[in-house]
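Trainee: From first to last, the protein sequence lines stand for chains A and B.
All letters in the first sequence, in the order written, are residues 1 to 446 by the working numbering.
All letters in the second sequence, in the order written, are residues 1 to 302 by the working numbering.
Where hints are given, some of them may not hold.
[Stated by the list, open to error] What follows is a set of in silico ranges between Cβ atoms, one per label pair, in the way DEER data are often shown:
1. B:S30 <-> A:L186: 51 to 61 Å
2. A:S411 <-> B:R270: 55 to 65 Å
3. B:E268 <-> A:Q413: 36 to 46 Å
4. B:E125 <-> A:R56: 50 to 60 Å
5. B:R89 <-> A:G285: 40 to 50 Å
6. A:Q413 <-> B:Q174: 32 to 42 Å
7. B:G215 <-> A:R134: 47 to 57 Å
8. B:A167 <-> A:R134: 37 to 47 Å
9. B:R89 <-> A:R185: 55 to 65 Å
10. A:I375 <-> B:V84: 45 to 55 Å
11. B:S30 <-> A:R373: 29 to 39 Å
[Said to hold, decoys possible] Here are the simulated lysine-lysine pairs, DSS-like style, with alpha carbons at most 30 Å apart:
12. B:K177 <-> B:K123
13. A:K133 <-> A:K327
14. A:K49 <-> A:K60
15. B:K204 <-> A:K49
16. A:K104 <-> A:K133
17. B:K196 <-> A:K169
18. A:K133 <-> B:K195
19. A:K49 <-> B:K80
20. A:K133 <-> A:K187
21. A:K283 <-> B:K195
22. B:K196 <-> A:K283
Don't read these hints as lab results, they were simulated from the structure.
For each residue, glycine too, the CB sits at the ideal point set by N, CA and C.
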Amino acid sequence: MLEGLSDKFQRIVKRIRGEGTLTESNMEEALGEVRLALLEADVNVVVVKNFVEHIREQAKGQEVLLSLTPAQQLIKIIHSELVAVLGGPSDAALLKGRDSLNIKGFPSVFFLVGLQGSGKTTTAAKLALYLGKRSLTPLLASTDLQRPAAREQLRILSDQHHLRYFEGKSTTVRELGRECFNEARLKGFNPLIIDTAGRLHIDDALMEELVVLRDALKPSEILYVADSMTGQDAVRSSQAFNERLALTGIILTKLDGDSRGGAALSVREVTGKTIKFAGVGEKSGDFEVFQPERMASRILGMGDLMGLIEKAEEAVSIKDAQRLQEKLRKNAFTLDDMLDQIRQVKKMGSLGDILKMLPGGMRLPSETDIDDRAILHTEAIIQSMTLLERETPNVIDGSRRKRIASGSGRSVQEVNQLLRSYAEMRKMMKRVRFGKRIPQLFQKST
Amino acid sequence: MENPGFLDRLKTGLQRSREKVASSIGAFFSGRTGIDSTFFTELEERLLAADVGIAASQRLVISLRSMKLETAGEVLSELKRQMVAILPRASGSGSAFPRLTLFVGVNGCGKTTTVAKIGRLLKSEGKSVLLVAADTFRAAAGEQLEIWADRLDVPVVRQGSGADPAALVFDGIQAAKARSIDHILVDTAGRLQTKKHLMAELEKMGRVASRELPGAPHATLLVLDATVGQNGLVQCREFQQSVPLTGIVLTKMDGTAKGGIVFSIAEELRLPVEYIGVGEKAEDVLPFSPDIFVEALFENRS
Numbered sequence: 001m002l003e004g005l006s007d008k009f010q011r012i013v014k015r016i017r018g019e020g021t022l023t024e025s026n027m028e029e030a031l032g033e034v035r036l037a038l039l040e041a042d043v044n045v046v047v048v049k050n051f052v053e054h055i056r057e058q059a060k061g062q063e064v065l066l067s068l069t070p071a072q073q074l075i076k077i078i079h080s081e082l083v084a085v086l087g088g089p090s091d092a093a094l095l096k097g098r099d100s101l102n103i104k105g106f107p108s109v110f111f112l113v114g115l116q117g118s119g120k121t122t123t124a125a126k127l128a129l130y131l132g133k134r135s136l137t138p139l140l141a142s143t144d145l146q147r148p149a150a151r152e153q154l155r156i157l158s159d160q161h162h163l164r165y166f167e168g169k170s171t172t173v174r175e176l177g178r179e180c181f182n183e184a185r186l187k188g189f190n191p192l193i194i195d196t197a198g199r200l201h202i203d204d205a206l207m208e209e210l211v212v213l214r215d216a217l218k219p220s221e222i223l224y225v226a227d228s229m230t231g232q233d234a235v236r237s238s239q240a241f242n243e244r245l246a247l248t249g250i251i252l253t254k255l256d257g258d259s260r261g262g263a264a265l266s267v268r269e270v271t272g273k274t275i276k277f278a279g280v281g282e283k284s285g286d287f288e289v290f291q292p293e294r295m296a297s298r299i300l301g302m303g304d305l306m307g308l309i310e311k312a313e314e315a316v317s318i319k320d321a322q323r324l325q326e327k328l329r330k331n332a333f334t335l336d337d338m339l340d341q342i343r344q345v346k347k348m349g350s351l352g353d354i355l356k357m358l359p360g361g362m363r364l365p366s367e368t369d370i371d372d373r374a375i376l377h378t379e380a381i382i383q384s385m386t387l388l389e390r391e392t393p394n395v396i397d398g399s400r401r402k403r404i405a406s407g408s409g410r411s412v413q414e415v416n417q418l419l420r421s422y423a424e425m426r427k428m429m430k431r432v433r434f435g436k437r438i439p440q441l442f443q444k445s446t
Numbered sequence: 001m002e003n004p005g006f007l008d009r010l011k012t013g014l015q016r017s018r019e020k021v022a023s024s025i026g027a028f029f030s031g032r033t034g035i036d037s038t039f040f041t042e043l044e045e046r047l048l049a050a051d052v053g054i055a056a057s058q059r060l061v062i063s064l065r066s067m068k069l070e071t072a073g074e075v076l077s078e079l080k081r082q083m084v085a086i087l088p089r090a091s092g093s094g095s096a097f098p099r100l101t102l103f104v105g106v107n108g109c110g111k112t113t114t115v116a117k118i119g120r121l122l123k124s125e126g127k128s129v130l131l132v133a134a135d136t137f138r139a140a141a142g143e144q145l146e147i148w149a150d151r152l153d154v155p156v157v158r159q160g161s162g163a164d165p166a167a168l169v170f171d172g173i174q175a176a177k178a179r180s181i182d183h184i185l186v187d188t189a190g191r192l193q194t195k196k197h198l199m200a201e202l203e204k205m206g207r208v209a210s211r212e213l214p215g216a217p218h219a220t221l222l223v224l225d226a227t228v229g230q231n232g233l234v235q236c237r238e239f240q241q242s243v244p245l246t247g248i249v250l251t252k253m254d255g256t257a258k259g260g261i262v263f264s265i266a267e268e269l270r271l272p273v274e275y276i277g278v279g280e281k282a283e284d285v286l287p288f289s290p291d292i293f294v295e296a297l298f299e300n301r302s
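Turn these sequences into a full structure, and let the hints guide you.
Mentor: In structure tokens:
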């Protein structure tokens, strides 16, 4: 997300840091850089103006010029201003990591609206899956009679994830909406999630169709699905949807790409509506409550440590962690443990995802190919070893290496390489035991 | 390619987007004669607001500034001239048939609809067309293309979901050879350029195509949503790494977005825009012409 911004800001910080003190003129220069960074990140021109103005005022008010660590203070100001734009203290639920969905009525109705191709159908399934985890029983339905096979797409997605889907027989959007509503009410589903057809905000007829549907079903949530790659036009479309329908929230999609996501700031600013969720991947589970704090931290290049910690918590049980610590203490880290580690890392998602969350991690050169298959190969090699070999790798001689190689379908060189990295890892573990390395690692950026 | 009515149709397609442009670049010049102190700063902002991008906007403004023009009108015509000059012209298509065109792009940019529209366009020119549903990932993508194929009455090659897209390219080529089809249009799954494995899959499709059909893919078009911001340039760069792009299709030009990113793309990669999509109907696609595109963008509605 927004890597471009974080790149820029890191450069700005470095420059200010280099000068030692923040003067009136180099602050102007820094603000100029902030402006460029935001524009490059596709934040709307007007939104950028306001944002930079805010920062300038805030900075003045806080007497940055006299501050002992001006760079840090400027970053802090930019950070809190970003949090204010992206979430704001009023969105208390978001700050606590809870969604702020309004579930009212039996059934309550959620609309997903937006431009063509913003990701409404995929998001509908993700949202239903998410609500299922909240012990709700959502019903998915689509009123997209426009795009060929749109409803088929939602039906297939529902089947894949064991979600309830209702097709209906009506041929007009309004009647179909009613039919779905009745189905949900009769069968006790709540909420009813309606995936609507993609439309242009300037298409009067289609926008009117949505208004009619809204008046018929009185949804408690009208969620605008916004593509995070959108450019300057994001303000116009989201504003138009908001004016016509009175949106209740926003869902940002395709944040797993490398777009800078400035649209998030724009949309939030012009609609004033809460960004409730973020779509962060292709799989249906790649969907999370939007977190302004975390997003702002990413923008500033602080990395998404919170996200990483959460993922780690999900993937690693406390017992596992304690067992590993014990092993580390005794310096009894075996190849089996290494395999465990690899599997836990795998549970956290792809290596690329994880690296992105580390401070500075997002600045990995794009040519660095992070190959998830390498993990598979490592797994295969270790699994081709006998228990003895895994416990005491010293016994692995030339002929064992050959056997392991052919057993795992990898080359002897790869087996050697793995043993070398294992030895390296053990060495590192020794140092980690004394607990001096890790904090340093985490302080690296900013 | 300047068939009668082309300008009219482009104008209708761009009408709504022009209303917005009119309030930005077009309106900027209307009623202005002289050049005051904030003139160029404001002009740059209008360009930025059209997604032209910082580098391209700055270059344009700097070059205009340095020319020491005296009236807003002179700046306007010079700006138009320079913007037209940035956009490369599409090269004509070759004569070897069958001709395979690969349509690639990120999720939701409009690939499937574009394949159908271009299929219709080629068919209306008297060519035979075969559609290949190589998007085996997105649920119902194959069905969507099949419905289009039915509507257009052209053959389609598809398999179940999860099939190897490269195998579909293979099947498509065999089918086209057997039925002596002129154009094979391959719809691929949407992929974000950050997904290495999906980009590798695309490479494989290209390899299979060139192995089975000399010179294929004859064209690889990146489908670009006109609403996209600066990431559009990144998309071009990254897709270019996997499959050499020959051009761009700019979709959703019937909205308020202006697709200004094509100027950045043209400057850096010299990629021509081949077609623009201006609506949801099958006939809503037009061959691209730089002069008319720029002219239409600047036109001030009376």
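Trainee: Hint by hint, say whether it matches the structure.
Mentor: Results of checking the hints against the structure:
1. S30 (chain B) and L186 (chain A) have their C-beta atoms about 59 Å apart, which keeps the hinted 51 to 61 Å range intact.
2. One distance hint, 55 to 65 Å for the beta-carbon pair S411 (chain A) and R270 (chain B), is violated here, with the actual separation near 42 Å.
3. A hinted range of 36 to 46 Å holds for the C-beta pair E268 (chain B) and Q413 (chain A), which are about 40 Å apart.
4. The hinted window of 50 to 60 Å between E125 (chain B) and R56 (chain A) holds, with their beta carbons roughly 58 Å apart.
5. Checked against the hint of 40 to 50 Å, the C-beta distance between R89 (chain B) and G285 (chain A) comes to roughly 46 Å, which is consistent with it.
6. Checked against the hint of 32 to 42 Å, the C-beta distance between Q413 (chain A) and Q174 (chain B) comes to roughly 40 Å, which is consistent with it.
7. The given range of 47 to 57 Å is respected by G215 (chain B) and R134 (chain A), whose C-beta atoms sit roughly 55 Å from each other.
8. Roughly 41 Å separates the CB atoms of A167 (chain B) and R134 (chain A), a value that falls within the hinted 37 to 47 Å.
9. Between R89 (chain B) and R185 (chain A) the beta carbons are some 59 Å apart, a value that agrees with the proposed interval 55 to 65 Å.
10. At about 51 Å, the CB distance of I375 (chain A) to V84 (chain B) agrees with the hint of 45 to 55 Å.
11. The beta-carbon spacing between S30 (chain B) and R373 (chain A), approximately 59 Å, falls outside the hinted interval of 29 to 39 Å.
12. Restraint check: the Cα-Cα separation between K177 (chain B) and K123 (chain B) comes to about 17 Å, which is no more than 30 Å; the hinted pair holds.
13. Of the pairs offered as hints, the one joining K133 (chain A) and K327 (chain A) is violated, with about 35 Å between alpha carbons and a cut-off of 30 Å exceeded.
14. A threshold of 30 Å between alpha carbons decides the hint, and for K49 (chain A) with K60 (chain A) the separation of about 17 Å falls inside it, so the pair holds.
15. For the given pair, K204 (chain B) sits about 46 Å from K49 (chain A) by alpha-carbon distance, which is inconsistent with the 30 Å threshold.
16. Of the pairs offered as hints, the one joining K104 (chain A) and K133 (chain A) holds, with about 18 Å between alpha carbons and a cut-off of 30 Å not exceeded.
17. Using a Cα cut-off of 30 Å, the hinted pair K196 (chain B) and K169 (chain A) is violated, with the two alpha carbons roughly 42 Å apart.
18. In summary, the hint linking K133 (chain A) to K195 (chain B) is supported, as the alpha carbons are separated by about 27 Å, within the 30 Å threshold.
19. Restraint check: the Cα-Cα separation between K49 (chain A) and K80 (chain B) comes to about 27 Å, which is no more than 30 Å; the hinted pair holds.
20. Only pairs whose Cα atoms come within 30 Å are accepted, and K133 (chain A) paired with K187 (chain A) is accepted, the gap being roughly 20 Å.
21. Restraint check for K283 (chain A) and K195 (chain B): satisfied, since their Cα atoms lie roughly 13 Å apart, inside the 30 Å limit.
22. Of the supplied pair hints, the one linking K196 (chain B) and K283 (chain A) holds, its CA atoms being roughly 16 Å apart against a limit of 30 Å.
Hint compliance for this structure: hints 2, 11, 13, 15 and 17 are broken, all remaining hints hold.
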